[in-house]
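Take the sequences, apply the hints, and build the full model.
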Amino acid sequence: DAKTTQPPSMDCAEGRAANLPCNHSTISGNEYVYWYRQIHSQGPQYIIHGLKNNETNEMASLIITEDRKSSTLILPHATLRDTAVYYCIVRYANDYKLSFGAGTTVTVRA
Amino acid sequence: DGGITQSPKYLFRKEGQNVTLSCEQNLNHDAMYWYRQDPGQGLRLIYYSQIVNDFQKGDIAEGYSVSREKKESFPLTVTSAQKNPTAFYLCASSAANQETQYFGPGTRLLVL
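Protein chains in written order, with this note's numbering: chain W, 33 to 142; chain X, 1352 to 1463.
Bear in mind the hints are in silico, worked out from the structure with no lab data behind them.
Across the chosen pairs, the derived CB separations fall in these ranges:
1) X:1437 with W:57: 33 to 39 Å
2) W:73 with X:1377: 21 to 27 Å
3) W:58 with X:1378: 28 to 34 Å
4) W:139 with X:1410: 29 to 35 Å
5) W:89 with X:1368: 40 to 46 Å
6) X:1389 with W:61: 31 to 37 Å
7) W:129 with X:1368: 27 to 33 Å
8) X:1421 with W:139: 40 to 46 Å
Listed next, the in silico DSBU-like pairs over lysine-lysine satisfying Cα-Cα at most 35 Å (straight line):
9) W:35 with X:1422
10) X:1365 with X:1422
11) W:129 with X:1365
12) X:1408 with W:101
13) W:101 with W:35
14) W:84 with X:1408
15) X:1408 with W:129
16) W:35 with X:1408
17) W:129 with X:1360
18) W:129 with X:1422
19) W:129 with X:1434
20) W:84 with X:1422
21) X:1408 with X:1422
Keep in mind that this is a model prediction, so the values were computed, not measured.
We put the beta carbon where it would ideally sit given N, CA and C, even for glycine.
Have a look at this one:
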């Protein structure tokens, strides 16, 4: 699997958009970009994934650059409950394993 | 509600004791997984199962055993051979092997 690089931490103001960057410069053409988050002492929660095109769901938007070497997860209106560790993962479609790195600790402040 | 349940939330193991962690899903998923998470670290795959009555070892299977007798259940036994069992154990499932994995709430295992 390609490796990802994320900032270790970031702060965000409640009600503002949170933009979480992820670099995956060695990603291959058939690897997907997945985002999960983990609130303290809970299981990881799936957020969104994409291959080439930008994606949006009820939780977030995923913006993937044209060269696919980086992506940004956007939480449009951050709330205090969005405080969590966010993981960016690249994964082959037929890979049975998810490889979580250190992630980004996001703290939403009132 | 559809989802994945794990029990118990906390489990205490005595030295030399085998303990079993429960994982049940009602999502009609074919594939199920067990991961281990140590403090401040990512997840490591212990075992996975793509179909009933079949399972494969992950990266850290030593000291663990599993069974998959029913589609909805994938229990994990932590045996006495696992010398460092204290960790957060996470069960996940997916519709098929390649699909998005969804996680349960986890079981925290502590050694007395």
